[in-house]
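Number of protein chains: 2
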Amino acid sequence: MRIILCGFGVVAQSLTKLLESRTNELYSKYGLKPRIVGVFDSSGSAHSSAGLNLKKLIDAKEKSGSVGAYDKSVSQIDGLEMIKTLDADVMIETTASNYKDAEPGMTHIITAMKRSMHVISVNKGPLALAFPSLMELAEFNRVLLRFSGTVGGGTPILDYAKNSLRGEKIISFQGILNGTTNYILTKMENGMSFDEALSDAKNKGYVEADESLDLDGLDAAAKLVILANWIMGMKVTMPDILRTGIRDVNTTDIKNAERNSNSIKLIASCDENLTVSPIEIKSDNPLCVNGTLNAIAFTSEHSGTQTIIGRGAGGTETASSIIRDLIDIRKEISKI
Amino acid sequence: MRIILCGFGVVAQSLTKLLESRTNELYSKYGLKPRIVGVFDSSGSAHSSAGLNLKKLIDAKEKSGSVGAYDKSVSQIDGLEMIKTLDADVMIETTASNYKDAEPGMTHIITAMKRSMHVISVNKGPLALAFPSLMELAEFNRVLLRFSGTVGGGTPILDYAKNSLRGEKIISFQGILNGTTNYILTKMENGMSFDEALSDAKNKGYVEADESLDLDGLDAAAKLVILANWIMGMKVTMPDILRTGIRDVNTTDIKNAERNSNSIKLIASCDENLTVSPIEIKSDNPLCVNGTLNAIAFTSEHSGTQTIIGRGAGGTETASSIIRDLIDIRKEISKI
Numbered sequence: 006m007r008i009i010l011c012g013f014g015v016v017a018q019s020l021t022k023l024l025e026s027r028t029n030e031l032y033s034k035y036g037l038k039p040r041i042v043g044v045f046d047s048s049g050s051a052h053s054s055a056g057l058n059l060k061k062l063i064d065a066k067e068k069s070g071s072v073g074a075y076d077k078s079v080s081q082i083d084g085l086e087m088i089k090t091l092d093a094d095v096m097i098e099t100t101a102s103n104y105k106d107a108e109p110g111m112t113h114i115i116t117a118m119k120r121s122m123h124v125i126s127v128n129k130g131p132l133a134l135a136f137p138s139l140m141e142l143a144e145f146n147r148v149l150l151r152f153s154g155t156v157g158g159g160t161p162i163l164d165y166a167k168n169s170l171r172g173e174k175i176i177s178f179q180g181i182l183n184g185t186t187n188y189i190l191t192k193m194e195n196g197m198s199f200d201e202a203l204s205d206a207k208n209k210g211y212v213e214a215d216e217s218l219d220l221d222g223l224d225a226a227a228k229l230v231i232l233a234n235w236i237m238g239m240k241v242t243m244p245d246i247l248r249t250g251i252r253d254v255n256t257t258d259i260k261n262a263e264r265n266s267n268s269i270k271l272i273a274s275c276d277e278n279l280t281v282s283p284i285e286i287k288s289d290n291p292l293c294v295n296g297t298l299n300a301i302a303f304t305s306e307h308s309g310t311q312t313i314i315g316r317g318a319g320g321t322e323t324a325s326s327i328i329r330d331l332i333d334i335r336k337e338i339s340k341i
Numbered sequence: 006m007r008i009i010l011c012g013f014g015v016v017a018q019s020l021t022k023l024l025e026s027r028t029n030e031l032y033s034k035y036g037l038k039p040r041i042v043g044v045f046d047s048s049g050s051a052h053s054s055a056g057l058n059l060k061k062l063i064d065a066k067e068k069s070g071s072v073g074a075y076d077k078s079v080s081q082i083d084g085l086e087m088i089k090t091l092d093a094d095v096m097i098e099t100t101a102s103n104y105k106d107a108e109p110g111m112t113h114i115i116t117a118m119k120r121s122m123h124v125i126s127v128n129k130g131p132l133a134l135a136f137p138s139l140m141e142l143a144e145f146n147r148v149l150l151r152f153s154g155t156v157g158g159g160t161p162i163l164d165y166a167k168n169s170l171r172g173e174k175i176i177s178f179q180g181i182l183n184g185t186t187n188y189i190l191t192k193m194e195n196g197m198s199f200d201e202a203l204s205d206a207k208n209k210g211y212v213e214a215d216e217s218l219d220l221d222g223l224d225a226a227a228k229l230v231i232l233a234n235w236i237m238g239m240k241v242t243m244p245d246i247l248r249t250g251i252r253d254v255n256t257t258d259i260k261n262a263e264r265n266s267n268s269i270k271l272i273a274s275c276d277e278n279l280t281v282s283p284i285e286i287k288s289d290n291p292l293c294v295n296g297t298l299n300a301i302a303f304t305s306e307h308s309g310t311q312t313i314i315g316r317g318a319g320g321t322e323t324a325s326s327i328i329r330d331l332i333d334i335r336k337e338i339s340k341i
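If you're matching them up, the sequences are chains C and W in order.
Note that this note's numbering has the first sequence beginning at 6, numbered continuously upward.
Note that this note's numbering has the second sequence beginning at 6, numbered continuously upward.
Simulated from the structure, these hints should not be mistaken for laboratory data.
All of these numbers come straight from a predicted model, not from anything done at the bench.
Computed beta-carbon distance windows for the label pairs:
# : chain 1 : residue 1 : chain 2 : residue 2 : range
1 : C       : E108      : W       : S339      : 41 to 49 angstroms
2 : C       : D276      : W       : K167      : 24 to 32 angstroms
3 : C       : K340      : W       : T112      : 34 to 42 angstroms
4 : W       : S69       : C       : S177      : 38 to 46 angstroms
5 : C       : S339      : W       : R40       : 32 to 40 angstroms
6 : W       : R264      : C       : S288      : 17 to 25 angstroms
7 : C       : S217      : W       : R40       : 52 to 60 angstroms
Pulled from the structure, derived: some chain W residues nowhere near chain C, Cβ distances all over 12 angstroms:
#  : residue
8  : L142
9  : F199
10 : T249
DMTMM-like, lysine to aspartate or glutamate: derived pairs with alpha carbons at most 20 angstroms apart:
#  : chain 1 : residue 1 : chain 2 : residue 2
11 : W       : K260      : C       : D289
12 : W       : K167      : C       : E30
13 : W       : K174      : C       : E30
14 : W       : K287      : W       : E194
15 : C       : K240      : C       : E144
16 : C       : K167      : W       : E30
17 : C       : K336      : W       : E173
18 : C       : K167      : C       : E306
19 : W       : K340      : C       : E337
20 : W       : K167      : C       : D333
21 : C       : K105      : C       : D215
22 : C       : K260      : W       : D289
23 : C       : K167      : W       : E337
24 : C       : K260      : C       : E194
25 : C       : K240      : C       : E277
26 : C       : K119      : C       : E337
27 : C       : K192      : W       : D289
28 : W       : K34       : C       : E173
29 : W       : K192      : C       : D289
30 : C       : K336      : W       : E337
31 : C       : K61       : C       : D76
32 : C       : K167      : W       : D333
33 : C       : K22       : W       : E173
34 : W       : K167      : W       : D333
Cβ coordinates follow ideal geometry from the N, Cα and C atoms, glycine included.
In isolation and in its complexed conformation, chain C is listed as follows (with noise of 0.2 angstroms):
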């Protein structure tokens, strides 16, 4: 299986990492033999197409800071071109979320299906901003579109809601789907103020480059859209959320609340509404989660709530999710 990997950030590396600590298990367990044969970051590319050395690759980023450097005699590609030039079987988008125009993802996504490549995206600016048409360019071009690693990092969220709750109606849901406000909320519930806490996510190394992403619920709120696409069957974008991110809610809010046995917790939610927005919960109800665990309870037509916790991010973790979308496009593949 030959993949182009857009990104060489954490979860690209972690995913390299794991590649190579599993090649054995993967190819004996699951017939799974992933090449890399492209992948580029923001200052160089690397290509071959019997497949780039996994061990190399992460040497020559942490050593030089880019792929570039895997192999100085190769012409560098840019990362469009090699899209549109390389043959591959997958393309796995890692480039971060924007939720402006969903760029270079977005192009990178649409270019790769339109060459037939299935494609993996941990981005999810383009899901956000466009999951429907997507989804309708994925089946015209008969690829598989998968982003498991999205919602709830390692914890198979989306998995979960599609297929163990099968013959199930979810009639809605609610979750804490971004770590690094839940830190901060809780920090605050513990006696920090928001900016205390702030800063202390920051130094944790908890907050996006762009701390709007979190404080203002435009993760949560793109959780959110791929969640109301993939399981409720909504054909939903960004704009279709009602938002609001934690930057207004103060400590005395969080002491009211407190009086009344509630926390306050940034949740996002889906029945009538699609909303995200800081409201009160009861402490003991079990998506209450503290620290940078994520949450979420679906409602299901007989079989109650259900609900499951994981962490919500980490390389390792997210890279997991990927194996899990390659085992998965891999099943699905010799089906044909």
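Based on these hints, arrange chain W on the given structure of chain C.
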């Protein structure tokens, strides 16, 4: 799909009602057209190769206390005789669990498999005492043995661990698998004595007719056996579980735990050992749920720890898990 239903208690009645109300949906969405061709309870039976009328079956049970009243003109057949003589595709075993010899469920299941019927069991007894050999027998007879309803009720815990986490190795798990003891321990935390909490739970109908199944951890141990076999690939049965119930937990223990921000919970755990015992866990651990809730935390190699929380039991929830099993079996059969 012709079904023999063993037992007609709460779960079987809920199943019958669900099958009745969801007839059209099950057919249009899953191609599933279930026909109950035989059913028996402790005092009578009913059968019809064309399929019994589901409404009339519920009526008979509600009015006369037994399905034997369904059609007095047809001669009654003993349960085991029915399994031996009636033709069916699937047998659903819903009689009460016992952990001495697991009868009559054990003989029902073995007889059905030998007659090439697929089996769905919500009766934990046979699985707890003989999981490995029942799986072998199923394989030998080329039938499917499913049991989603035995652990987690409507919460698809078994499926989650087996399918949603594919590509992942689960290293260990811990769970609160019995809602009744969790209810009692929660009430004790709120100030009741053990005896008060037990009688409160009895009044609410939470306690099994044989209270030892709950209080001595037998029910939790049975579920642990099923999980260990199905998810971890172990070949274990009831005697392999180190088991301590909650009878010796007193209010002082609970107060002491609380002082360390801990709660005492009956935890079923699978790591180097298989144990069920009341232990202290941190109150802010996602696993630490209250009331009749169940929770299970899986720790996997690359995706961290993930916790699923849901209502443990309930007729409708368990019945809806049987429907999931039926859909599964339908799907597997159609592959052949």
